[in-house]
Amino acid sequence: NAGVTQTPKFQVLKTGQSMTLQCAQDMNHEYMSWYRQDPGMGLRLIHYSVGAGITDQGEVPNGYNVSRSTTEDFPLRLLSAAPSQTSVYFCASSYSSQGTEAFFGQGTRLTVV
Amino acid sequence: QQQVKQSPQSLIVQKGGISIINCAYENTAFDYFPWYQQFPGKGPALLIAIRPDVSEKKEGRFTISFNKSAKQFSLHIMDSQPGDSATYFCAASIGYGNKLVFGAGTILRVKS
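As they're listed, the protein sequences go chains Y and A. Heads up: the first sequence at position 44 corresponds to 1419 in our numbering, and the numbers run straight through without jumps. Heads up: the second sequence at position 26 corresponds to 30 in our numbering, and the numbers run straight through without jumps.
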């Protein structure tokens, strides 16, 4: 039981490049989400999904796309990387009921130069 | 606008002392208030959580105090240990448990 697995752990991109951050969970959780963590700002919700085929925007969705074709996977795509997207990205998953624990991955540290 | 305000930004406590971190929220629709602990290079991990129908919840050395009328909640760490040194985040959510709004975080250092 690996929990929430994120790849890669580190990534450096040039401005304008695109890439996909991978997230997979093996707990059969319905809910998955992506957050970015910036100094002094806590974690902010980018996109979330309440089940396969269903996604919605969070607080800071601009510049990011998501899809949820399976229960297990929830990739985050950066369409055209910008220096403002330099951050640590966390994927999380939880059971479907309200107020249940969100399990976080180890994070992906992304630098855009 | 920041929906959950957390203070202090950093905190230094002597071993054996009490660490207190405070959070205030604006949205009265929030109905789930967790605290997360994060060590360097790791993802946040749930420490303790409370629902607004109780005023206090204790788990070991960790206690959440909740004041619904003041829209405030706080984390108390009793008998603080060097191993408690980490960043602590308060959070709040409505409905789905994974749509969390986080505070800015508090860096706690416990001196031995």
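Be careful, since some hints might not be right.
[Said to hold, decoys possible] Lysine to aspartate or glutamate pairs mimicking DMTMM-like chemistry, simulated, CA-CA at most 25 angstroms apart:
(1) A:K75 - Y:E1434
(2) A:K46 - Y:E1434
(3) A:K9 - Y:E1434
(4) A:K9 - Y:E1476
(5) A:K46 - Y:E1405
(6) A:K62 - Y:D1448
(7) A:K9 - Y:D1413
(8) A:K72 - Y:D1413
(9) A:K115 - A:D88
(10) A:K75 - A:E60
(11) A:K46 - Y:E1476
(12) A:K75 - Y:E1476
(13) Y:K1389 - Y:D1413
(14) A:K72 - Y:E1405
(15) A:K46 - Y:E1447
(16) Y:K1384 - Y:D1401
(17) Y:K1389 - Y:E1405
(18) A:K46 - Y:D1401
(19) A:K61 - Y:E1476
(20) Y:K1384 - Y:D1448
(21) A:K46 - Y:D1448
(22) A:K115 - A:E30
Everything labelled a hint here was simulated from the structure, so no lab data went into it.
Outcome of the hint check:
1. The hinted pair formed by K75 (chain A) and E1434 (chain Y) meets the criterion: a straight-line CA distance of about 22 angstroms does not exceed 25 angstroms.
2. Of the pairs offered as hints, the one joining K46 (chain A) and E1434 (chain Y) holds, with about 23 angstroms between alpha carbons and a cut-off of 25 angstroms not exceeded.
3. With a CA separation close to 16 angstroms, the supplied pair K9 (chain A) and E1434 (chain Y) stays within the 25 angstroms bound.
4. A distance of roughly 21 angstroms separates the Cα atoms of K9 (chain A) and E1476 (chain Y); the hinted pair therefore holds under the 25 angstroms criterion.
5. About 23 angstroms separates the Cα atoms of K46 (chain A) and E1405 (chain Y), which keeps this hinted pair within 25 angstroms; it holds.
6. A C-alpha spacing of about 35 angstroms is found between K62 (chain A) and D1448 (chain Y), which places the hinted pair above 25 angstroms, so the restraint is violated.
7. Between K9 (chain A) and D1413 (chain Y) the alpha-carbon distance is near 15 angstroms, which keeps this suggested pair within the 25 angstroms criterion.
8. Proposed proximity of K72 (chain A) and D1413 (chain Y) is contradicted: the alpha carbons are some 29 angstroms apart, above 25 angstroms.
9. For the hint pairing K115 (chain A) with D88 (chain A), the CA-to-CA distance comes to about 10 angstroms; that is within 25 angstroms, so the pair holds.
10. For the proposed pair K75 (chain A) and E60 (chain A), the alpha carbon gap of about 14 angstroms is at most 25 angstroms, so the pair holds.
11. Among the hinted pairs, K46 (chain A) with E1476 (chain Y) is consistent with the structure: their alpha-carbon atoms are about 17 angstroms apart, no more than 25 angstroms.
12. For the suggested pair K75 (chain A) and E1476 (chain Y), the alpha carbons sit about 22 angstroms apart, so the restraint of at most 25 angstroms is met.
13. For the hint pairing K1389 (chain Y) with D1413 (chain Y), the CA-to-CA distance comes to about 19 angstroms; that is within 25 angstroms, so the pair holds.
14. Of the pairs offered as hints, the one joining K72 (chain A) and E1405 (chain Y) is violated, with about 30 angstroms between alpha carbons and a cut-off of 25 angstroms exceeded.
15. Proximity of K46 (chain A) to E1447 (chain Y) is assessed by CA-CA distance (about 21 angstroms); at most 25 angstroms being required, the pair is judged to hold.
16. As the CA atoms of K1384 (chain Y) and D1401 (chain Y) are separated by approximately 18 angstroms, the hinted pair is consistent with the 25 angstroms bound.
17. With a C-alpha separation of about 34 angstroms, the suggested pair K1389 (chain Y) and E1405 (chain Y) falls outside the 25 angstroms cut-off, and the hint is violated.
18. Between K46 (chain A) and D1401 (chain Y), the direct Cα distance comes to roughly 19 angstroms. Compliance with the 25 angstroms bound is thereby established for this hinted pair.
19. A C-alpha spacing of about 16 angstroms is found between K61 (chain A) and E1476 (chain Y), which places the hinted pair at or below 25 angstroms, so the restraint holds.
20. About 17 angstroms separates the Cα atoms of K1384 (chain Y) and D1448 (chain Y), which keeps this hinted pair within 25 angstroms; it holds.
21. Of the supplied pair hints, the one linking K46 (chain A) and D1448 (chain Y) holds, its CA atoms being roughly 20 angstroms apart against a limit of 25 angstroms.
22. Among the hinted pairs, K115 (chain A) with E30 (chain A) is inconsistent with the structure: their alpha-carbon atoms are about 34 angstroms apart, more than 25 angstroms.
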